[in-house]
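Add chain B to chain A, keeping to what the hints say.
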Amino acid sequence: MTPTSADNLTPLRARRDAWLDRVRTLVDQVEEWAKAEHWVPERHQERIQEQFLGEYEAPALRITVPIEGVPDGQLLLTPIALQVGGEQGRVDLRAIPTMSRVRLLAGPDGWRMIAGSNIPLRLPWARETFVQLAQDLLS
Amino acid sequence: MKQSDAFDRFDRASAELDATRFAIAHVVARWTEDPRVFATVREARVTLSELRRAAENLEMTFVLRLFSEFEGVLRDYWANGIGKRTEPEMRPLMNGIAARRHMNAGDLAGAHEIREYRNEIIHEGLRTPHFDVPECERAIGMYVRWLPLQW
Chain A
1 MTPTSADNLT PLRARRDAWL DRVRTLVDQV EEWAKAEHWV PERHQERIQE QFLGEYEAPA
61 LRITVPIEGV PDGQLLLTPI ALQVGGEQGR VDLRAIPTMS RVRLLAGPDG WRMIAGSNIP
121 LRLPWARETF VQLAQDLLS
Chain B
1001 MKQSDAFDRF DRASAELDAT RFAIAHVVAR WTEDPRVFAT VREARVTLSE LRRAAENLEM
1061 TFVLRLFSEF EGVLRDYWAN GIGKRTEPEM RPLMNGIAAR RHMNAGDLAG AHEIREYRNE
1121 IIHEGLRTPH FDVPECERAI GMYVRWLPLQ W
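Protein sequences appear in the order of chains A and B.
Counting from 1, one number per residue, gives the positions in the first sequence under the numbering used here.
Counting from 1001, one number per residue, gives the positions in the second sequence under the numbering used here.
Extracted from the complex, chain A is given alone in its bound form (with noise of 0.2 Å):
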């Protein structure tokens, strides 16, 4: 029997519901590390558009981050796609002013950390890492 479009649609559905979960549990997480250092974190959300996934919307993350005497820093957490070659999807941690990024992609064990020219930074991704990396990509 032929599978109807709707079967057909299933499966990714499924996939795009589940990289959502998993964005929003992110996103949560790094909210709670981010009020922790007395950051504000504010959340929006992205619109994502993506092959046989459609437009979609995905929450987001921006925290302002107090630099004495300067303008304040940023903190961008952006979704950017479920679709990436290999991985199970990827989300930006990137600094205003410094345009400094890392990219976070999801695996079966959890969130890897690649920085520029695709070098990994072999950490475990946990609140220390992430207030670490955020005064790094900032400084």
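Some hints could be false.
Which chain A residues face chain B? A few, computed with CB under 10 Å, are given here [stated by the list, open to error]:
#1 G69
#2 P71
#3 Q74
#4 P97
#5 T98
#6 M99
#7 R112
#8 G116
Partial pick of chain B residues on the chain A-facing surface, computed with a CB cut under 10 Å [stated by the list, open to error]:
#9 S1004
#10 F1007
#11 F1010
#12 N1104
#13 D1107
#14 A1109
#15 Y1117
#16 E1120
#17 F1131
#18 V1133
#19 E1137
#20 I1140
#21 G1141
#22 V1144
#23 R1145
Label-pair ranges, simulated between beta-carbon atoms [claimed, not checked]:
#24 B:S1004 <-> A:Q132: 40 to 50 Å
#25 A:T10 <-> B:G1106: 51 to 61 Å
#26 B:A1015 <-> A:Q132: 19 to 29 Å
#27 B:H1102 <-> A:K35: 26 to 36 Å
#28 A:T64 <-> B:H1123: 39 to 49 Å
#29 B:E1069 <-> A:R112: 28 to 38 Å
#30 A:E32 <-> B:A1015: 42 to 52 Å
#31 B:E1124 <-> A:E50: 39 to 49 Å
#32 A:E50 <-> B:A1105: 42 to 52 Å
#33 A:R127 <-> B:S1004: 51 to 61 Å
#34 A:E37 <-> B:G1083: 36 to 46 Å
#35 A:K35 <-> B:L1064: 34 to 44 Å
#36 B:L1149 <-> A:E37: 14 to 24 Å
Please keep in mind that the hints were generated in silico from the structure rather than gathered at the bench.
Computed from a predicted structure; not experimentally measured.
All C-beta atoms, glycine included, are put in the ideal place defined by N, C-alpha and C.
Structure of chain B alone, referenced to chain A:
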């Protein structure tokens, strides 16, 4: 315009650089291995040495793109944020905005270094990069942080 729109512009340009770098490297690496790649590129009348040269000069080409985005942001602020009708050259434009925004000297000097670097690429045919892309992005970002959040 919002300051965050300016940073988004720089970030999009940077993502395009990553994509272009990947695409060129992919084609060059498969040029000899995959006959379909060879045939497709040959149809486009592009040579392997041109592709290699494009890869070598990609970062400097990107600096020009990034700087033109930066210039666009400053000119928008000059016209719509301050209400000026003049069109100064880039150096006085950068100095004028820096003075109005009480910018620190280090951030202004850093952005001027990138302006001079861009001039060397354009006017002196520079072929050896003096700054890498993250250094250029950072210097421009450190300048733009002094602009208002919205104008």
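Hint check results:
1. Contact between G69 of chain A and chain B, as hinted, is supported at the beta carbon level, the nearest pair being about 8 Å apart and thus within 10 Å.
2. Against a cut-off of 10 Å between C-beta atoms, the interface hint on P71 of chain A holds, since the closest Cβ of chain B lies about 5 Å away.
3. Given hint, Q74 of chain A at the interface with chain B, holds; its Cβ is 8 Å from that chain's nearest Cβ, closer than 10 Å.
4. The criterion of a C-beta within 10 Å of any C-beta in chain B is met by P97 of chain A, whose closest approach is roughly 4 Å, and the hint holds.
5. Satisfaction of the interface hint for T98 of chain A is found here, the shortest Cβ-Cβ separation to chain B being roughly 5 Å, below the 10 Å cut-off.
6. The restraint placing M99 of chain A at the interface with chain B holds, with a minimum CB-CB distance near 4 Å, inside the 10 Å limit.
7. A distance limit of 10 Å between C-beta atoms decides the matter here; for R112 of chain A the minimum to chain B is near 17 Å, and the interface restraint is violated.
8. Hint on G116 of chain A holds. Least Cβ distance to chain B is approximately 6 Å, under the 10 Å limit.
9. A hinted interface residue such as S1004 of chain B counts as satisfied when its beta carbon comes closer than 10 Å to some beta carbon of chain A; here the least separation is about 8 Å, so the hint holds.
10. At its closest, the beta carbon of F1007 of chain B sits 5 Å from a beta carbon of chain A; the interface hint therefore holds under the 10 Å criterion.
11. Here the hint on F1010 of chain B is kept, as its CB sits about 6 Å from the closest CB of chain A, short of 10 Å.
12. Because the beta carbon of N1104 of chain B sits about 7 Å from the nearest beta carbon in chain A, less than 10 Å, this interface hint is met.
13. At its closest, the beta carbon of D1107 of chain B sits 8 Å from a beta carbon of chain A; the interface hint therefore holds under the 10 Å criterion.
14. With its C-beta approaching chain A no nearer than about 15 Å, A1109 of chain B sits outside the 10 Å limit, and its interface hint is violated.
15. The interface hint given for Y1117 of chain B is violated, since its Cβ lies 16 Å from the closest Cβ of chain A, which is over the 10 Å cut-off.
16. A cut of 10 Å between beta carbons decides the hint on E1120 of chain B: the least distance to chain A is about 22 Å, and the hint is violated.
17. Because the closest C-beta pair between F1131 of chain B and chain A is about 13 Å apart, greater than 10 Å, the hint is violated.
18. For V1133 of chain B, the interface hint holds, since its Cβ comes within 10 Å of a Cβ in chain A; the closest pair sits about 8 Å apart.
19. At its closest, the beta carbon of E1137 of chain B sits 4 Å from a beta carbon of chain A; the interface hint therefore holds under the 10 Å criterion.
20. Because the closest C-beta pair between I1140 of chain B and chain A is about 8 Å apart, less than 10 Å, the hint holds.
21. Interface restraint check for G1141 of chain B: the shortest CB-CB distance to chain A comes to about 4 Å, inside 10 Å, so the restraint holds.
22. Of the supplied interface hints, the one on V1144 of chain B holds, with its beta-carbon coming within about 6 Å of a beta-carbon of chain A, less than 10 Å.
23. The criterion of a C-beta within 10 Å of any C-beta in chain A is met by R1145 of chain B, whose closest approach is roughly 4 Å, and the hint holds.
24. A beta carbon spacing of about 25 Å between S1004 of chain B and Q132 of chain A contradicts the range 40 to 50 Å that was offered as a hint.
25. At roughly 56 Å, the beta-carbon separation of T10 of chain A and G1106 of chain B lies within the given 51 to 61 Å, and the hint holds.
26. Range check, A1015 of chain B to Q132 of chain A: Cβ separation about 25 Å, and the 19 to 29 Å hint holds.
27. Remark: the range hint 26 to 36 Å for H1102 of chain B to K35 of chain A is upheld by a beta-carbon distance near 31 Å.
28. At about 40 Å, the CB distance of T64 of chain A to H1123 of chain B agrees with the hint of 39 to 49 Å.
29. At roughly 30 Å, the beta carbons of E1069 of chain B and R112 of chain A sit within the given window of 28 to 38 Å.
30. The hinted window of 42 to 52 Å between E32 of chain A and A1015 of chain B is violated, with their beta carbons roughly 28 Å apart.
31. Hint check: E1124 of chain B to E50 of chain A, Cβ distance near 43 Å, so the stated range 39 to 49 Å holds.
32. Between E50 of chain A and A1105 of chain B the CB atoms are about 45 Å apart, so this pair conforms to the stated range of 42 to 52 Å.
33. In this structure, R127 of chain A and S1004 of chain B break the distance hint of 51 to 61 Å, their C-beta atoms being roughly 26 Å apart.
34. Between E37 of chain A and G1083 of chain B the CB atoms are about 39 Å apart, so this pair conforms to the stated range of 36 to 46 Å.
35. Separated by about 41 Å at the C-beta atoms, K35 of chain A and L1064 of chain B satisfy the suggested range of 34 to 44 Å.
36. Between L1149 of chain B and E37 of chain A the Cβ separation comes to about 22 Å, which falls inside the hinted range of 14 to 24 Å.
Taken one by one, the earlier hints fail for this structure at numbers 7, 14, 15, 16, 17, 24, 30 and 33, listed in ascending order.
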